[in-house]
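Chains as they are written, first to last, in the working numbering: chain A, 61 to 517; chain B, 61 to 517; chain C, 14 to 267; chain D, 14 to 267.
Don't take each hint at face value.
Claimed, not checked - List of simulated lysine-lysine pairs, BS3-like, C-alpha gap at most 30 Å:
no., chain 1, residue 1, chain 2, residue 2
1, A, K476, D, K131
2, C, K262, B, K506
3, A, K468, B, K409
4, A, K409, B, K409
5, D, K241, A, K95
6, B, K476, C, K262
7, C, K183, C, K162
8, A, K114, C, K262
Calculated from the structure, these hints are not laboratory results.
Fair warning: this is a prediction, and the values are worked out from it, not measured in the lab.
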Amino acid sequence: MPKYTSMAYGSWEEMIFGTAKHPVSIGFGPVELGKKHVHPQIVPHPRPGSEATKAKILKEYQRMTEDALSHCAALGFPSIVIEFEHIYQMTSQPEWAAAIFTQAKAQMKEYYDKYGLKSALISTVADLRKPDMVNMRKCQEIDWMLETFDSTAANGADVLSIETMGGKEVFDYAIQRNDMKGIIFGIGVLSSIDMAWLWPQIVAIAEKHGITPGGDTDCARGNTAMFMAGGFTATDVPHTVAALARGCSAARSLVAYECGATGPTKDCAYEDPIIKAITGVPITMEGVASACAHAELQSNLVAAVVDLWSNEAVEYHDMFGGSSVEVFTEILGYNVAQMNAAIELGYAKELQAINVASDKYRDVHGFMLSPDNSYEIGKAIVANVDSYYLRAKAAVLKTAELIDADSKMLLTDFEKDALAKARADVEALPDNEADFVDMCLSEYSKVPGFDPTSYGF
Amino acid sequence: MPKYTSMAYGSWEEMIFGTAKHPVSIGFGPVELGKKHVHPQIVPHPRPGSEATKAKILKEYQRMTEDALSHCAALGFPSIVIEFEHIYQMTSQPEWAAAIFTQAKAQMKEYYDKYGLKSALISTVADLRKPDMVNMRKCQEIDWMLETFDSTAANGADVLSIETMGGKEVFDYAIQRNDMKGIIFGIGVLSSIDMAWLWPQIVAIAEKHGITPGGDTDCARGNTAMFMAGGFTATDVPHTVAALARGCSAARSLVAYECGATGPTKDCAYEDPIIKAITGVPITMEGVASACAHAELQSNLVAAVVDLWSNEAVEYHDMFGGSSVEVFTEILGYNVAQMNAAIELGYAKELQAINVASDKYRDVHGFMLSPDNSYEIGKAIVANVDSYYLRAKAAVLKTAELIDADSKMLLTDFEKDALAKARADVEALPDNEADFVDMCLSEYSKVPGFDPTSYGF
Amino acid sequence: MQKTVNDLTNFDPIFIRYDIKIAPKKRDAADVSTDPALQAIAKGVVEGDEDMVAEASKAAIASKGPQTVIDTLILGMAEVSKLWDDGVYYLPQVILSSDALMVGLNMAEEALGSAVVKRGTVVMHCAHGDIHDIGKNVAAALIRANGYKVIDLGSDVPEETVVQAAKDNKADLVTGTALMTTTMSAFHRVAELLTQEGINIPVVASGGAVSEEWVTSWDRGVYATFAKQGPEMAGDAAAGMSWEDMRAKWNLVV
Amino acid sequence: MQKTVNDLTNFDPIFIRYDIKIAPKKRDAADVSTDPALQAIAKGVVEGDEDMVAEASKAAIASKGPQTVIDTLILGMAEVSKLWDDGVYYLPQVILSSDALMVGLNMAEEALGSAVVKRGTVVMHCAHGDIHDIGKNVAAALIRANGYKVIDLGSDVPEETVVQAAKDNKADLVTGTALMTTTMSAFHRVAELLTQEGINIPVVASGGAVSEEWVTSWDRGVYATFAKQGPEMAGDAAAGMSWEDMRAKWNLVV
Ligand code: B12
Ligand code: B12
Ligand code: SF4
Ligand code: SF4
Ligand SMILES: [Zn+2]
Ligand SMILES: [Zn+2]
Ligand SMILES: [Zn+2]
């Protein structure tokens, strides 16, 4: 697999929301990602109980889709991307998934024909492999997943994406212990290896059906760290450690694009600004509207270089203003209208500066994801092409360095100590992958369920 | 009652979000409205069933308040205003309301003491008078309302507000018939008269307790018209007629400020940009985050000159990301952070231009509420001080004229016809209030339940 | 120089005016009668012109008899419904037409000496505790204009009152409107009281707070989305359709 | 010139760093023993240093006997909990301390020739169909570190397996974690199966998807918000507190 060795952009200033170096067109219209404007992406989630029968789940998806489309027509939104993040029953039953996608695509066609509403459909297959319970390469789950990629690609999906699980067992152990070694091993090495094994298969399926291989996210690790770090009142994981884990995430999520994924990336991949700086693919981000799914400390800032703007996932239910899907379609639609209005007025850079100012110094996570710092972390990654390990380590160290160097990025004493310790720990790690892997394979044999053969060791 | 005869601002360009000619300080901190920055306002609504007992409703309000405050602390929001729009059981049981306000205020104090989180509490008493069922000046409901204003003012409320019901019976009849005469009579005359009777009493209660008399809204009429007009796929009320009704709303809501209300105004008073242009009071608006409560066609634009940014009302329930109160506090908080970041960067005018560009030509309602047009409508109002009727009529005609004059404001043929007819109808109305009132009293005697003595006729 | 919205001409990336894209062609109302005297009545209805209807009805009652006038009024109203369905008419035009129709109908009934036989009887109300009555009023106007007897109990109506009215008037259908989540549960109670009284009719529930899912979770409940569904629903109930069949027809049920 | 965040110095109107405002004063762990040999053990626990604990425990087992070592380990862990409660420690420090404690405990138990008598037995699991196990793992570590026997059934555990384990181990408490709204209903079934089996113990339910309201709507359910509540809850159950009393103590119920 070739690795990225240079940046897609000459400097961070060249990066702006709505425009990507390598645009992608999907669905009816088509929806053009990265070609100057931003588009909204709604991610609806069915209610508990609706998965009981195929008829019920189809009805649920029909309603959710109808709500999204009709609300766009009612409010004048020019385009909508709908992502179905599969529930268990969809991925494990490829024919359910096929029926759900067929139905949604027909609804989208109807709105395209009647109103000219542009739309596209993303199939995010659930990675059902739990690394401490199955062999990642040989299990029932992987068969289901590949089949469902195929069945949804054949039946209306415009984009295939996933949130892969590799390295999760080691990462979970490590994040609970502020163990940077395990974090880098889990994210930077194991997850990268898993992606390099799985992604060519996904790309092949997408190519077979002439659709788009989208992207992957470090959700299972990077977001776990970020959510555990939580807000200013939480004391589960230091925010600085979560930010370092995120640096690592970028080195790891890059593998999808090295395997042929083209974007749109996955919404919850907060590492995407770094991915965009390196690859130039259009990125999907979730920000203020993803409050429905989780709290975060950089909800405005992540709009700085976004191409597709999402809400993460909202469970279907009634609110005063309509269904939750209508409500969040509306919020996303107006967010996007604001961004596109800025673009049309020639104020994109001003709006970017505003959104960055909102959150760059709110928390270290926003700090490192601000376009300037993302760009620097990207440079550290592409300068270290020798191994997955080394580029992950470089990303972590660059992240730490940036935080340390900016006097406006305030930290509590506790966070400062955690950062210093993490940095020292990482600096002490071996200089080459083989040594590092040896060390980790022996140390993490104590992690329940960790099976090196899952990764081809 | 003196009437406003001039504008608070020299031109619309002087108007900007965050700053008002006549700032108001409320609550712990205090929260300074109109003194350069915007603040978030969350409006939580209890779940059905929680009103069953006093203990239950107290618990519900405790949770909702806690969620709002703790989320601000977790995410670093500098301030929060909480509005309780009374449910029936609060206004009709002044001692329930008192207990709820006492409890919330204590929670706010705790967060102020521990974190320095600034906060204030608004008591919006429910106007329980249904004009076709009770005498507006002599009924059980008015006694409850005045008592509850007093009990909440005495027990923690920082601001008193209300959404008064005058003229609703005639308006409802008229809006179903595109009858501009009845719309002007209901909103411009009857509702104004009702406010002029009620508001001095509210102001007196606020003064007695040393708190702030906030504002009133044309919700019962202007918002009914706007919501019935709906989106681009609705065919209930022409959008142009709803916009004309809104012009009227401004002439009517002004009465509160003439009676001594100082703002913050009511969030759902979409006429507030006009009110601000005339009076200079800080205004509360609801926009993109009020999707939880209703859809609208100007969600970004209404931020153009806002001082306090609200979500309208969200029913308490669980979402993936926490409770709905947490979710909407978060959305509001980030919206406000964006606005304040723009102010700090010196990009307030740019952000205003962006938000206006998003919606000015999306629909006539946004068009007339854009700062330039709001200012013009305000001028028409203050130029017509002779009577409530004449200024309402002037506001309507100016609104129509502005829509007609701007070639970028596209209309369907149907909307154009509706506008032309409405304009002609209004132009044909009498030149003085006495004639108009005579005409209306006789014509609307056919409206079920309309009782002129309710208005002192 | 500060740029503003005035510098823009192309808004397509920001919003699309779907209302303009889908605007139906203006269309004149079709004639419902070749007889000019009758067509004048229908025209009055179509244009929502009470005076025109009164004048034309007066003449036609004398020349053609009241029943012909009534039939014509109804044909005129049917044309109005068609125009609304096609998006040519908006609600206010329909309401004005229905006002006009009532003028003619009252005249014809007076001439007949008795009320026209109604197509059925509908008891309508807003939920106990709820004063949001616009949607109910609109639906009532439409149902009435389509030839049904409407007993409008108003708003904030106790459950017992609703059931009593259904009993007293041998109603074919009860409808309830609620805009607040705290009031809508009353409809379920109404349905149960009807069962207790042995009155086997459907309960159509509607209004902003009310969801199809909830309404179809208890016996008798049939959910309505739009006021314009009212007349056909009344027709179904008057024709003796069971609530189960009405639900199957009108609601998405799995 | 384009202005950027770098031109700003005062962020107070945009956000407030409450974490800095409320940061607790750094504080050293208090000594738990005046005996240097024992204090070394406690220090190892407090610092989460497995090697230090191993070394110090080895020496002290020989000189003071295993029970004294065990007591000291527990005192050290208590100090860790205090530091966490005060915001001085974060979760990873607690987990590392608990890892270190387990090292010493295992050595002492080996020397004793038998497992220490546990304060009670807790059966823990993630809901059937749910693989989100971090919260459960954290809670398990804390409960274990506080001297309870933990039967950790892992994730995606069928209801019957949970109940069987409770039976087999004479558990004082069952806990369940669920992060998905589609899986949490399993806890209610677990509670019912326990009742059927006549096992009268509380079911603590927790995890992102789970709400206090829902958990307190069925018998046996007690809701937990934070993992750190685990040890005290285990203590309550082991002391024989009924689920009703536990609910009253831990949950807001009206
Ligand atoms: C107008 C309005 C009012 C007016 C009502 C005037 C009136 N005479 O109706 C006034 C100002 C009085 C008012 C007061 C209040 N309101 Co109000 N109001 C609204 C508003 C803005 C519009 C409602 C409306 O008229 N819609 C248009 C009509 C046409 O729609 P509809 O009734 O649903 O009817 C449609 C269908 O349902 C159907 N239909 C209806 N009936 C029937 C019957 C049949 C047979 C059929 C076939 C069809 C059918 O046909 C129509 C479409 O074609 C809504 C906002 C919103 N988003 O809905 C809030 C809203 C309903 N109000 C709300 C609240 C909270 C209140 C107050 C409690 C506020 C307060 N704190 O004082 C009080 C209520 C006091 C009380 N005890 O009832 C909340 C309700 C929250 C909730 N779900 O519980 C809402 C949702 C606003 C919000 N988002 O917070 N309100
Ligand atoms: C990490 C994570 C994952 C990881 C899980 C890895 C793991 N081993 O746990 C991975 C990537 C595998 C994953 C997968 C999925 N996830 Co996930 N995931 C998350 C995430 C980001 C964080 C969860 C977390 O670990 N939180 C931190 C821990 C510490 O919190 P906790 O478990 O709640 O524990 C706390 C308390 O509950 C308590 N506690 C817990 N247990 C106990 C026990 C006792 C005794 C006590 C006292 C206390 C206690 O203590 C802790 C605090 O002190 C959440 C997002 C979110 N906002 O929560 C989504 C989330 C839970 N995931 C979600 C979804 C949809 C999925 C998938 C279905 C996605 C997909 N389409 O593939 C799959 C699940 C597949 C399956 N069959 O289960 C949704 C669930 C939606 C819902 N409510 O139904 C969430 C909410 C994300 C979202 N907003 O959409 N996910
Ligand atoms: S945070 Fe969202 S995107 Fe990530 S695993 Fe969870 S559900 Fe999927
Ligand atoms: S729209 Fe909102 S503010 Fe207005 S009456 Fe209704 S609830 Fe109150
Ligand atoms: Zn994700
Ligand atoms: Zn996602
Ligand atoms: Zn309001």
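The hints, checked one at a time:
Pair hint A/K476 plus D/K131 does not hold up; C-alpha atoms about 38 Å apart against a cutoff of 30 Å. Restraint check for C/K262 and B/K506: not satisfied, since their Cα atoms lie roughly 38 Å apart, outside the 30 Å limit. Among the hinted pairs, A/K468 with B/K409 is consistent with the structure: their alpha-carbon atoms are about 26 Å apart, no more than 30 Å. The hinted pair formed by A/K409 and B/K409 meets the criterion: a straight-line CA distance of about 14 Å does not exceed 30 Å.
Proximity of D/K241 to A/K95 is assessed by CA-CA distance (about 49 Å); at most 30 Å being required, the pair is judged violated. Taking the CA atoms of B/K476 and C/K262, the gap is near 38 Å; set against the 30 Å cutoff, the hint is violated. Between C/K183 and C/K162 the CA atoms are separated by roughly 11 Å; this keeps the pair inside 30 Å, and the hint holds. Between A/K114 and C/K262, the direct Cα distance comes to roughly 21 Å. Compliance with the 30 Å bound is thereby established for this hinted pair.
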